[in-house]
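S.K.: Read off the chains here:
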Amino acid sequence: MHWVHATAFVVLLGSGLCLYLPSLAEVVGRRPLLKDVHVYTAVAWAVALAVVVAVGDRRALLRTAREIDRFDADDRAWLRGGRTRQGRLNAGQKVNAILTAAFALLFAVTGFFLWLGERDTAYRLPSALLVHDWLMYVSFVLFLGHLWLAVLYPKTRHALNGMTRGWVDEEWARRHHPKWVESLRD
Amino acid sequence: MEDGERYGRRAFLVVVAGGLSSLAWATKASGVFSPVTSSFSQLIGNLLPVGGWRIYTISGSMPVFDPASWRLQIDGLVRRRISLDYEGLLRLPRAEQVSTFHCVTGWTVHGVRWAGVRFRDLLALADPLPQAKAVRFVSMEVPYTDSLTLEQVRLADVMLAYELDGKPLSRPHGAPARVVIPEMYGYKGVKWLTRMELVAEQPTGYWEGLGYDQDAWVGRSNGYGS
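Chains F and D are the protein sequences, given in the same order.
Note that the first sequence covers residues 1 to 186 in the working numbering.
Note that the second sequence covers residues 1 to 226 in the working numbering.
Mixed in with the good hints there might be a few duds.
To be verified - DMTMM-like cross-link-like pairs, simulated, lysine to aspartate or glutamate; straight-line CA separation at most 25 angstroms:
hint, chain 1, residue 1, chain 2, residue 2
1, D, 133, D, 213
2, F, 179, D, 5
3, D, 133, D, 157
4, D, 133, D, 208
5, F, 35, D, 208
6, D, 133, D, 201
As the list claims (entries may be wrong) - Computed footprint of chain D on chain F, listed as stretches where at least three residues anywhere in the stretch have a Cβ under 8 angstroms from a Cβ of chain D:
hint, segment
7, 66 to 74
8, 99 to 111
9, 128 to 140
No lab work stands behind these hints: they were computed from the structure.
Just so you know, these numbers come straight off a predicted model, no measurement behind them.
Don't be surprised by glycine CBs; every beta carbon is placed ideally from N, CA and C.
Can you build the whole structure from these sequences, using the hints too?
M.R.: As structure tokens, then:
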């Protein structure tokens, strides 16, 4: 699920920026090809998500969704700046997941209208472009922040191990996600 | 793990609803906030080479301008067929203007500095016949064409531009020359211009063939202002 989003985001951002920035557009110069890359990547991304849900570990996905849905008192305090004890996902990670899911849907809807509007002017919504752009700005900033915490920031970057290799150091988990470690002990 | 408030789904739905409803209010909001957002995009424009423009093409690659071989043909219903080279175009009386560029897809660039020639000077060379009522503009980017009536090309701020913001028109902006008509959406401004054909009746251009309006007045066409 994570890597489907990650791959699609990077390809869509790259091809989208080539469509968007005149200087990049001039360097690449093959707009219809880029447009196809952009549109088909979007379709492939939606299909890949459907496949993950269809053949993946649905129980684990559901468990994660439930986890993201619930914010307990510690989570709420954490969002207000308190360093409270966190579960497997801290409150910031939950917020990030919620925004990612919502933005993905909004990107898809506005992108669909952009695609449709070029084919039939009756479906051309002037706002679709504006909203698609602003989603891009905001998610680009979120993406940079996400990369910073996951790859560079020394205190948190150990989590990348969990994303790539599937395990994290127990001492580290105890410090950052104590409630998760406790729930595993039960 | 099962305790706590179920904020997640609610937050997700609020963001999605906000985003979808913004399809209705984003254009208005961006008008209200444009002093803020345009300075923001100006800032981005200074950091990145954006400048608010985005480049649309319809074919596989952008046409390449070669000053040695490029010609602007003016033909059709004229007394004199004209073939103008780049030097010849630059020798015509120079006109300058600052105007706003509106794209039909909803973006706008303010304060664009154009330089070029007025169509009356171009048309005077060819001397249109009385039955000529419109100009068909042909781009080097095949099959892009569009047209304007003679009345429209003679509006005070309509020109064939060869400079943008003090520099010769770049390849993405339609080098060496493009049509500029600020009162209409950008698709009427044919880029990479190579031919002007004087005709008795306005033909259907590329975007008009896809349902866009022949008269693309800003705010009064293509579903805007109706």
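S.K.: Let me make sure I understand: some of the numbered hints might not hold for this structure. Which ones are they, in numerical order?
M.R.: Failing hints: none at all.
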